[in-house]
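Colleague: Could you build all of it, start to finish, from the sequences and the hints given here?
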Amino acid sequence: MLTKVNKVEVKESAYKHGVSTIDLLHAVNTPIDVFPMDGYRIVIGAGTDGTLLEIGIRNQVIFHAMKARPKYLRRKR
1 MLTKVNKVEV
11 KESAYKHGVS
21 TIDLLHAVNT
31 PIDVFPMDGY
41 RIVIGAGTDG
51 TLLEIGIRNQ
61 VIFHAMKARP
71 KYLRRKR
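If you count by full-length UniProt numbering, then the sequence shown holds residues 1 to 77, one letter each, in order.
Derived from the structure by calculation, the hints contain no laboratory data. Don't take every hint at face value.
List time: in silico BS3-like cross-link candidates among lysine-lysine, alpha-carbon distance up to 30 angstroms [what the hints assert, rightly or not]:
hint	residue 1	residue 2
1	Lys16	Lys67
2	Lys67	Lys7
3	Lys71	Lys7
4	Lys16	Lys71
5	Lys11	Lys71
6	Lys67	Lys11
Per label pair, the in silico range of CB-to-CB distance [unchecked claim]:
hint	residue 1	residue 2	range
7	Tyr15	Arg41	25 to 31 angstroms
8	Arg74	Lys7	18 to 24 angstroms
9	Pro70	Lys7	28 to 34 angstroms
10	Val61	Asp33	18 to 24 angstroms
11	Lys7	Lys71	28 to 34 angstroms
12	His17	Asn59	29 to 35 angstroms
13	Pro70	Glu9	16 to 22 angstroms
14	Met37	Lys67	15 to 21 angstroms
15	Tyr15	Ala46	14 to 20 angstroms
16	Arg74	Glu9	29 to 35 angstroms
17	Lys7	Leu73	27 to 33 angstroms
C-beta atoms are modelled at their ideal positions from N, C-alpha and C, and glycine is treated no differently.
Modeller: Here is the structure:
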(Lines of atoms letter the chains of each structure in order from A and count residues from 1; the text may use other names and numbers.)
(Lines give C-alpha, C1' and ligand atoms only; values in the text may rest on other atoms or scores of the structure.)
Protein backbone atom coordinates (compact mmCIF):
# COMPACT_ATOMS: atom_id res chain seq x y z
CA MET A 1 0.00 0.00 0.00
CA LEU A 2 1.21 3.49 -0.76
CA THR A 3 2.08 5.51 2.31
CA LYS A 4 2.64 9.21 2.77
CA VAL A 5 4.95 10.62 0.12
CA ASN A 6 7.42 13.20 1.38
CA LYS A 7 9.62 13.86 -1.64
CA VAL A 8 8.35 13.53 -5.16
CA GLU A 9 9.12 14.97 -8.53
CA VAL A 10 6.18 16.26 -10.56
CA LYS A 11 6.61 16.01 -14.32
CA GLU A 12 5.13 18.70 -16.56
CA SER A 13 2.77 16.07 -18.02
CA ALA A 14 0.99 15.86 -14.64
CA TYR A 15 -0.41 19.36 -15.23
CA LYS A 16 -1.98 18.56 -18.62
CA HIS A 17 -5.51 18.28 -17.15
CA GLY A 18 -5.31 21.36 -14.91
CA VAL A 19 -4.74 19.68 -11.54
CA SER A 20 -2.75 21.94 -9.20
CA THR A 21 0.36 20.82 -7.34
CA ILE A 22 -1.33 21.12 -3.95
CA ASP A 23 -4.28 19.01 -5.10
CA LEU A 24 -2.21 16.23 -6.62
CA LEU A 25 0.06 16.06 -3.56
CA HIS A 26 -2.98 15.99 -1.26
CA ALA A 27 -4.46 13.11 -3.27
CA VAL A 28 -1.22 11.11 -3.16
CA ASN A 29 -0.76 11.69 0.57
CA THR A 30 -4.35 10.67 1.42
CA PRO A 31 -5.03 7.71 -0.89
CA ILE A 32 -8.46 6.10 -1.05
CA ASP A 33 -7.37 3.31 -3.38
CA VAL A 34 -4.25 2.19 -5.22
CA PHE A 35 -4.14 0.28 -8.50
CA PRO A 36 -0.82 -1.47 -9.20
CA MET A 37 -0.06 -1.29 -12.90
CA ASP A 38 2.90 -2.50 -14.95
CA GLY A 39 5.77 -0.41 -13.56
CA TYR A 40 3.68 2.30 -11.91
CA ARG A 41 0.64 2.87 -9.67
CA ILE A 42 -2.58 4.77 -10.10
CA VAL A 43 -3.52 6.40 -6.81
CA ILE A 44 -7.08 7.56 -6.23
CA GLY A 45 -7.34 10.35 -3.69
CA ALA A 46 -9.18 13.58 -3.08
CA GLY A 47 -7.96 17.03 -3.97
CA THR A 48 -8.29 19.79 -1.39
CA ASP A 49 -11.88 20.45 -2.50
CA GLY A 50 -12.88 16.77 -2.26
CA THR A 51 -12.78 16.06 -5.99
CA LEU A 52 -11.56 12.51 -6.57
CA LEU A 53 -8.37 12.47 -8.62
CA GLU A 54 -6.36 9.75 -10.31
CA ILE A 55 -2.63 10.19 -10.00
CA GLY A 56 -0.03 8.20 -11.94
CA ILE A 57 3.20 7.71 -10.00
CA ARG A 58 6.36 5.76 -10.78
CA ASN A 59 9.37 5.69 -8.43
CA GLN A 60 8.39 8.90 -6.60
CA VAL A 61 7.72 10.68 -9.91
CA ILE A 62 4.18 11.91 -10.55
CA PHE A 63 3.56 11.91 -14.29
CA HIS A 64 -0.25 11.98 -14.56
CA ALA A 65 -3.09 13.74 -12.72
CA MET A 66 -6.73 14.22 -13.64
CA LYS A 67 -10.27 13.88 -12.33
CA ALA A 68 -10.77 10.19 -11.55
CA ARG A 69 -12.35 8.24 -14.37
CA PRO A 70 -15.28 5.86 -13.71
CA LYS A 71 -13.16 2.76 -14.39
CA TYR A 72 -11.20 3.51 -11.21
CA LEU A 73 -14.30 4.36 -9.18
CA ARG A 74 -16.29 1.20 -9.95
CA ARG A 75 -13.77 -1.29 -8.62
CA LYS A 76 -15.28 -4.63 -7.66
CA ARG A 77 -14.54 -5.65 -4.10
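Colleague: What hints, given by number in increasing order, does this structure fail?
Modeller: Hints 7, 8, 12, 13 not satisfied by this model.
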